[in-house]
Structures are given as C-alpha cells and as structure tokens.
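Line by line, the protein sequences are chains U and A.
Take the numbering used here: the last position of the first sequence gets the number 265, and nothing is skipped along the way.
Take the numbering used here: the last position of the second sequence gets the number 162, and nothing is skipped along the way.
Some hints could be false.
[As the list claims (entries may be wrong)] Straight line, CA to CA, 25 Å or less: simulated SDA-like cross-link-like pairs of lysine to any residue:
{"#": "1", "chain 1": "A", "residue 1": "K94", "chain 2": "U", "residue 2": "N174"}
{"#": "2", "chain 1": "A", "residue 1": "K94", "chain 2": "U", "residue 2": "S153"}
{"#": "3", "chain 1": "U", "residue 1": "K257", "chain 2": "A", "residue 2": "K107"}
{"#": "4", "chain 1": "U", "residue 1": "K257", "chain 2": "A", "residue 2": "R158"}
{"#": "5", "chain 1": "U", "residue 1": "K199", "chain 2": "A", "residue 2": "R145"}
{"#": "6", "chain 1": "U", "residue 1": "K219", "chain 2": "U", "residue 2": "A236"}
None of these hints come from the bench; they were simulated from the model.
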Amino acid sequence: AQSVTQLGSHVSVSEGALVLLRCNYSSSVPPYLFWYVQYPNQGLQLLLKYTSAATLVKGINGFEAEFKKSETSFHLTKPSAHMSDAAEYFCAVTFSGGSQGNLIFGKGTKLSVKP
Amino acid sequence: NAGVTQTPKFRILKIGQSMTLQCAQDMNHNYMYWYRQDPGMGLKLIYYSVGAGITDKGEVPNGYNVSRSTTEDFPLRLELAAPSQTSVYFCASSRDRAYGYTFGSGTRLTVV
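Could you put together the complete structure from these sequences and hints?
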C-alpha cells in the first residue's frame, strides 16, 4: 500500500539553527510530493511541491526539500530557523497512478523554535 | 480571491443531531475534498468529488454524506452526530494532482 511516514512527531530547534523534518514514502509508481504548513487554528498552506522536475525544490519562507528516489525520501530543510516557523508540518504524497489525485498525508511534525 | 470558504468555523452538536458543513470555492476547480483532522493522526479523507454530480468515498466515509450539484459547492452532511465525529474538518480543492490542494480554514466540530 502507498503511504507516507514522518519521523518525529515533535522537533525542537533553537532560533538560527538548521531545521530538518523527515518524510519517507512508499510507492511503486512515480510520486508527486508536497509539504504543507499549518499554523495554530488555521488551514494548511502549501510550502513546496515535487512533480518530477528538479529534485531540489525551493518553497516559501526559505524552505526547501530534496527528492531522493533511492532513499524514497523528501526531507524538508531550512538553514536558519525563525520564531515564526513554529507550526505543524505535513508531508503528503499522491501518485501518477493514484485515484483522482487524492493526497495521502503523514501524521505531521510539530516544530518548536526556542529563542 | 476568496479561495475555499468554509462555514461555520465552530459548532457544538448534541448526540443524534444533524448538520451540514458548507464549502465553496471560486477557482473553478473540478476536484474537491473533505478531510477530518484529529490530533496526532494527520488528515483522513472522508469524501471527494471530481466534478459536479460525481462523488466518491474516501478512507473514513461512515456517518457522512456529500453532494456536488455545482462546481463551486461541496457540502458535507452529518447525520445522527456521534462523539467520534468530534474533529476539525477541512475542505480543499485542486485543479489537478500536480498542483496540490487549496484548503479552507476549517470547521471545529464538537459533539456532546
């Protein structure tokens, strides 16, 4: 079955430190991969997406992610954390052979940023 | 652009009551979706639609119904509310799978 796994339900970093949020997927067909961010009491906002073009994808707010087929991973990074990055982050996947483009979401990683 | 609009934002229901969660989008997207979000569980797909008049079940459809009479609107109906339906509900729309989704701001529902 196709799935996505986010390692770590909570990640805490200091302001200015590297942010690394991990996402692995399983699929037998080429995936489309997404990262979304959710601020408290808000909906989800698209950060970035991979759709089979460049493997290093740049998104909003200084985030980027690299698609690594050999590792079935799509980890999210940001060189220097800011207090405003504190939120919950969701990795999501759909597949070129999937049903009507329905996204499958990971369980989320809550990022805390310490001053 | 308004994007995806959900109403109401909050609602408390008593067990056995019914209600309709409204969702409207103004982007002319064919695909629309309803998800529920529970703490630590990510988002689970309830129902989806690929166009007016066409709907299908997702992962957790029991206790819910949908209709899609127009491209813009995709209401979610809860019949006989149960405490297990206490959740945050998100509506989303998309042009196609490669573009990702645009989400509404959610409806927080409590069943007591």
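Hints, one by one, checked against the model:
Among the hinted pairs, K94(A) with N174(U) is consistent with the structure: their alpha-carbon atoms are about 18 Å apart, no more than 25 Å. About 12 Å separates the Cα atoms of K94(A) and S153(U), which keeps this hinted pair within 25 Å; it holds. In summary, the hint linking K257(U) to K107(A) is supported, as the alpha carbons are separated by about 21 Å, within the 25 Å threshold. Taken as a hint, the K257(U) and R158(A) pair is honoured in the structure, with Cα atoms around 19 Å apart against an allowance of 25 Å.
Between K199(U) and R145(A) the CA atoms are separated by roughly 14 Å; this keeps the pair inside 25 Å, and the hint holds. Pair hint K219(U) plus A236(U) does not hold up; C-alpha atoms about 29 Å apart against a cutoff of 25 Å.
In summary, the one numbered hint that this structure violates is 6.
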